[in-house]
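4 protein chains.
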Amino acid sequence: MAIVDITVIPVGTATPSVSGYVAEIHKFLKGYEGKIKYELTPMSTLIEGDLKELLEIVQQLHELPFQKGAQRVCTNIRIDDRRDKENTMERKLKAVENKL
Amino acid sequence: MAIVDITVIPVGTATPSVSGYVAEIHKFLKGYEGKIKYELTPMSTLIEGDLKELLEIVQQLHELPFQKGAQRVCTNIRIDDRRDKENTMERKLKAVENKL
Amino acid sequence: MAIVDITVIPVGTATPSVSGYVAEIHKFLKGYEGKIKYELTPMSTLIEGDLKELLEIVQQLHELPFQKGAQRVCTNIRIDDRRDKENTMERKLKAVENKL
Amino acid sequence: MAIVDITVIPVGTATPSVSGYVAEIHKFLKGYEGKIKYELTPMSTLIEGDLKELLEIVQQLHELPFQKGAQRVCTNIRIDDRRDKENTMERKLKAVENKL
Chain A
38 MAIVDITVIP VGTATPSVSG YVAEIHKFLK GYEGKIKYEL TPMSTLIEGD LKELLEIVQQ
98 LHELPFQKGA QRVCTNIRID DRRDKENTME RKLKAVENKL
Chain B
38 MAIVDITVIP VGTATPSVSG YVAEIHKFLK GYEGKIKYEL TPMSTLIEGD LKELLEIVQQ
98 LHELPFQKGA QRVCTNIRID DRRDKENTME RKLKAVENKL
Chain C
38 MAIVDITVIP VGTATPSVSG YVAEIHKFLK GYEGKIKYEL TPMSTLIEGD LKELLEIVQQ
98 LHELPFQKGA QRVCTNIRID DRRDKENTME RKLKAVENKL
Chain D
38 MAIVDITVIP VGTATPSVSG YVAEIHKFLK GYEGKIKYEL TPMSTLIEGD LKELLEIVQQ
98 LHELPFQKGA QRVCTNIRID DRRDKENTME RKLKAVENKL
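Heads up: the sequence lines are chains A, B, C and D, in that order.
Going letter by letter, the first sequence gives residues 38 to 137 in the working numbering.
Going letter by letter, the second sequence gives residues 38 to 137 in the working numbering.
Going letter by letter, the third sequence gives residues 38 to 137 in the working numbering.
Going letter by letter, the fourth sequence gives residues 38 to 137 in the working numbering.
No lab work stands behind these hints: they were computed from the structure.
Misleading hints may appear alongside valid ones.
One copy or any two copies: either way a pair holds, since identical chains are not told apart in the list.
[What the hints assert, rightly or not] Calculated pairs, BS3-like style, for lysine-lysine (alpha carbon to alpha carbon, straight line, at most 30 Å):
(1) 136 to 105
(2) 105 to 64
(3) 122 to 72
Start from the sequences and build out the full structure, keeping to the hints where you can.
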């Protein structure tokens with residue numbers, strides 16, 4: 038189980054707004070409900086699941102702005118992949134909160 | 038108003054666990070309540086405020102693992118800084134949710 | 038043609054040194070010579086090629102520290118994918134240098 | 038001694054080209070020659086020096102696209118800060134190359 042944290046930034050669009058592109062990402066992810074867990078944050082989208090599947094999803098999310106006419110996309114991805122423990126978003130939050 | 042998304046990763050620590058370091062970050066940020074807004078996510082910490090102040094905070098957060106004995110720290114920072122509109126975490130989330 | 042900029046950080050590896058892991062990445066990439074272009078920088082590895090293939094390579098690079106005993110790996114990836122022009126590392130450098 | 042790896046991406050700038058913005062960054066950095074070392078790569082700019090000074094430089098680099106009319110800037114920063122050894126760009130490259 039790995040967790041991906043992704044931002045997809047179209048470059049050279051007419052306005053500074055990207056919320057429409059982010060909304061497309063979340064409409065797309067709806068189709069994966071049950072297979073992955075995902076969460077919208079103010080700065081990115083977090084996706085939890087099998088890494089191979091996550092990277093396939095990452096490629097499709099990266100493509101979405103091109104489908105809306107973008108000519109350049111800069112995608113930024115963090116992967117956290119821990120194998121000595123169950124590495125879920127829920128467990129990671131609890132591990133910090135229990136120490137506060 | 039800018040938003041910073043930060044991960045602070047100690048390298049060469051005895052165990053793969055970093056929750057203790059993340060908890061130190063949030064104990065530290067408590068001292069800035071009222072000046073900044075901040076949020077813990079499963080993958081990073083989001084901080085909203087004046088960019089100059091945010092970068093000063095970033096440097097201090099980056100130092101925390103060294104104070105706990107780390108010898109190397111890799112810090113990763115995303116900055117989103119929008120000046121044609123009020124750029125808060127709350128407004129960014131709403132802008133996406135309204136399009137879903 | 039896309040360009041990926043990747044860092045692969047093992048977490049909890051007893052020593053702060055990661056050069057051995059980075060060397061493994063470059064030994065691995067040797068096997069792809071002719072299909073992709075890649076470059077070692079002081080902060081990451083840059084790889085130029087077809088994005089689908091690059092993401093398959095990214096997953097294999099991410100796995101390498103686990104094969105050397107790491108229990109947790111944090112991988113950070115930037116993708117620059119431009120489709121209105123030939124997007125090579127060489128062209129990008131020249132585009133900047135011509136403006137200096 | 039720390040090393041920063043920075044990309045500064047203007048969002049909503051009508052054309053996908055960013056080489057003009059990157060050139061501005063390198064013109065700006067010329068003014069710091071002797072105090073810091075810096076290097077242009079096809080994907081980012083690497084800067085080596087005292088971390089406090091590097092973060093002050095980061096803020097100024099982040100501002101440059103706004104001075105050219107951008108309304109939104111997404112800046113991405115990696116910091117590598119190692120304190121058990123001299124952490125220079127040159128030494129890091131050699132440490133990997135010696136293991137190839």
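A quick look at each hint next to the structure:
1. Taking the shortest alpha-carbon separations for residue 136 and residue 105, only the inter-copy value of 15 Å comes in at or below 30 Å, while the best intra-copy value is 44 Å.
2. Taking identical chains as interchangeable, the C-alpha atoms of residue 105 and residue 64 lie at most 30 Å apart only when both belong to the same chain, with a minimum of 14 Å there against 35 Å between chains.
3. Taking the closest pair of Cα atoms, residue 122 and residue 72 come within 30 Å of each other only inside a single copy of the chain (20 Å); across copies the shortest separation is 36 Å, beyond that limit.
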